[in-house]
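Sequence lines, in order, name chains A and B.
Okay, so the first sequence: first residue is 152 according to my numbering, each after it adds one.
Okay, so the second sequence: first residue is 152 according to my numbering, each after it adds one.
Source of the hints: derived by calculation from the structure; they are not laboratory data.
Hints should not be assumed to be uniformly reliable.
Stated by the list, open to error - List of simulated lysine to aspartate or glutamate pairs, EDC-like, C-alpha gap at most 20 angstroms: (1) LYS196/A to GLU281/B; (2) LYS218/B to GLU231/B; (3) LYS196/B to GLU281/B; (4) LYS269/B to ASP320/B; (5) LYS196/B to ASP340/B; (6) LYS196/B to ASP208/B; (7) LYS237/B to GLU231/A; (8) LYS269/B to GLU231/A; (9) LYS269/A to ASP320/B; (10) LYS269/A to ASP340/B; (11) LYS237/A to ASP320/B; (12) LYS196/B to ASP320/A; (13) LYS269/A to ASP250/A; (14) LYS237/B to ASP214/B; (15) LYS269/B to ASP340/A; (16) LYS269/B to GLU231/B.
Stated by the list, open to error - Far from chain B, some chain A residues (derived; all Cβ distances over 12 angstroms): (17) VAL169; (18) GLU174; (19) ASP208; (20) CYS221; (21) GLY257; (22) ALA259; (23) ALA287; (24) GLU307; (25) THR310.
The C-beta atom is built at its ideal place from N, Cα and C for all residues, glycine as well.
This is what each chain is made of:
There are 2 protein chains.
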Amino acid sequence: MLEPLAPLYVALVHYPVVNRRGELIASAITTLDLHDLARSSCTYKISTCYIVTPLKDQQTLSDRLLKHWCEGIGRRLHPERELALKRLSVVESIGAARDAIETREGQAPRIWASTARKYPGAVAHGEARELLRRDARPVLLLFGTAWGLSSSVLEEAETVLEPICGNNDYNHLSVRCAASILMDRLLWDGR
Amino acid sequence: MLEPLAPLYVALVHYPVVNRRGELIASAITTLDLHDLARSSCTYKISTCYIVTPLKDQQTLSDRLLKHWCEGIGRRLHPERELALKRLSVVESIGAARDAIETREGQAPRIWASTARKYPGAVAHGEARELLRRDARPVLLLFGTAWGLSSSVLEEAETVLEPICGNNDYNHLSVRCAASILMDRLLWDGR
Numbered sequence: 152m153l154e155p156l157a158p159l160y161v162a163l164v165h166y167p168v169v170n171r172r173g174e175l176i177a178s179a180i181t182t183l184d185l186h187d188l189a190r191s192s193c194t195y196k197i198s199t200c201y202i203v204t205p206l207k208d209q210q211t212l213s214d215r216l217l218k219h220w221c222e223g224i225g226r227r228l229h230p231e232r233e234l235a236l237k238r239l240s241v242v243e244s245i246g247a248a249r250d251a252i253e254t255r256e257g258q259a260p261r262i263w264a265s266t267a268r269k270y271p272g273a274v275a276h277g278e279a280r281e282l283l284r285r286d287a288r289p290v291l292l293l294f295g296t297a298w299g300l301s302s303s304v305l306e307e308a309e310t311v312l313e314p315i316c317g318n319n320d321y322n323h324l325s326v327r328c329a330a331s332i333l334m335d336r337l338l339w340d341g342r
Numbered sequence: 152m153l154e155p156l157a158p159l160y161v162a163l164v165h166y167p168v169v170n171r172r173g174e175l176i177a178s179a180i181t182t183l184d185l186h187d188l189a190r191s192s193c194t195y196k197i198s199t200c201y202i203v204t205p206l207k208d209q210q211t212l213s214d215r216l217l218k219h220w221c222e223g224i225g226r227r228l229h230p231e232r233e234l235a236l237k238r239l240s241v242v243e244s245i246g247a248a249r250d251a252i253e254t255r256e257g258q259a260p261r262i263w264a265s266t267a268r269k270y271p272g273a274v275a276h277g278e279a280r281e282l283l284r285r286d287a288r289p290v291l292l293l294f295g296t297a298w299g300l301s302s303s304v305l306e307e308a309e310t311v312l313e314p315i316c317g318n319n320d321y322n323h324l325s326v327r328c329a330a331s332i333l334m335d336r337l338l339w340d341g342r
C-alpha cells in the first residue's frame, strides 16, 4: 500500500450531476453504492467517503442504512460491515464536505474531479499518484452518479482526472467499479 | 492496454460457492452484478464473461435480462448496454464454461481462481500479468459470489491468485469491485 503524503478523501456526488440528456439533476441514492464505496474506502484506508445529497428524504434513507449497520442488529450479525460503513458521512453539498475536511485537517482540500469523458487538461492517474506523494495538502476526490458530475463542478475543480479507458472507447463503468479501480490506481503500490 | 498473448475469459460463479458458515450453496443471481461484470469486461476487452448457475430459474432470469437489453426495448433506449451485456453467457457449470472455451480456442483453458483469503502458493497479480504474456494458452478466471469459491474449486484450479489487500487485513470488497480491480491489475498497461 502506497502511503500518500496527502490524506485522500472521496465523495459520491448525487448533486450536481447530469442525466443522460445532460440536464442538471439530483440523483437518487443507491444503497448498494453506499456499501460498495464504504467497502472500497476501507480496503484503501480512506478515512471518510462523503455521500453528497441535498434531498432530505435521501439523507434520511442513508442515515437509516448507516444506523442499521453501525448501531442496530446489522452490526451484531455482520460486524465487518460497520468497519466499512462507519467511514460514510452524509452531507448536503460538496462545499459541506470541503468544510468538514478543512475543520479536520486545518486546511482546505484540493478538489479533484473524476469523469468518464475526455476533458482538456485532464491529469493521468500515474501523475495523480505522484501529486498525492509530493504535496501534503488533503485531497477530496469526487465521483459523480447518474451521467456524471455537472460541468460547473468539473470547471471549478483544481484537477480533473483522466477517464478510465480500455482501448475501445467504451467508457460505461458503474461508479462503484470506477471508484474502486481509481482508488487502486492511486493508492496500491504493487505496481 | 496490455495486449496479453493469452485470451482471458472470466466467470462469475454462483455454484459451487460457500455461505458465511462455510457451507456449500448455490447463490442467487444479482442482476446488478451481471451489468457490472459485463461493463467491466467490455472496458478490458474480455470477450466472454460466463455466468455460472445450475439453477434453472436463475438461468431463466439471466436470459430474460439479456434479452431485454440485447434484443428488446432496452437495446433501443440504451444501446451501450448491449455492447457490454452481449459478452455474458449463462452456463450451468464451470465445466461447461471450460468446454465452450476449448471449442472456441482449440485448447482447454488454464483455470485461475480468485479468493479474498490468504491461500498457500497463491500467485501475485504482477506475476499473473506476466503469465498472461508468456503463455498463449487461454485462461478462465473465476470469481466467486456469496462468501467465495468452494475449497474444491480452489484445489482444482491450476493457479489461485492472491487476494486484493489493503494494509489493514480488511478484505470484504464486493465481487463487482474486486473483479474490476483485478481486471485492471491484469490488463491495464498504464503502470
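Cross-check of the supplied hints:
1. LYS196/A to GLU281/B: violated, 28 angstroms
2. LYS218/B to GLU231/B: holds, 14 angstroms
3. LYS196/B to GLU281/B: Holds, at roughly 18 angstroms.
4. LYS269/B to ASP320/B: holds, 10 angstroms
5. LYS196/B to ASP340/B: holds, 13 angstroms
6. LYS196/B to ASP208/B: violated, 29 angstroms
7. LYS237/B to GLU231/A: At roughly 35 angstroms apart (the allowed maximum being 20 angstroms), GLU231/A and LYS237/B break the hint.
8. LYS269/B to GLU231/A: holds, 17 angstroms
9. LYS269/A to ASP320/B: violated, 36 angstroms
10. LYS269/A to ASP340/B: Given pair LYS269/A, ASP340/B holds - Cα atoms ~19 angstroms apart, limit 20 angstroms.
11. LYS237/A to ASP320/B: holds, 17 angstroms
12. LYS196/B to ASP320/A: holds, 11 angstroms
13. LYS269/A to ASP250/A: violated, 29 angstroms
14. LYS237/B to ASP214/B: Within the cut-off at roughly 11 angstroms; holds.
15. LYS269/B to ASP340/A: Distance ~19 angstroms between LYS269/B and ASP340/A Cα, so the pair holds.
16. LYS269/B to GLU231/B: violated, 37 angstroms
17. VAL169: holds, 16 angstroms
18. GLU174: holds, 17 angstroms
19. ASP208: holds, 22 angstroms
20. CYS221: holds, 15 angstroms
21. GLY257: At about 25 angstroms from chain B, GLY257/A clears the 12 angstroms cut-off, so the statement holds.
22. ALA259: holds, 27 angstroms
23. ALA287: holds, 20 angstroms
24. GLU307: holds, 27 angstroms
25. THR310: holds, 17 angstroms
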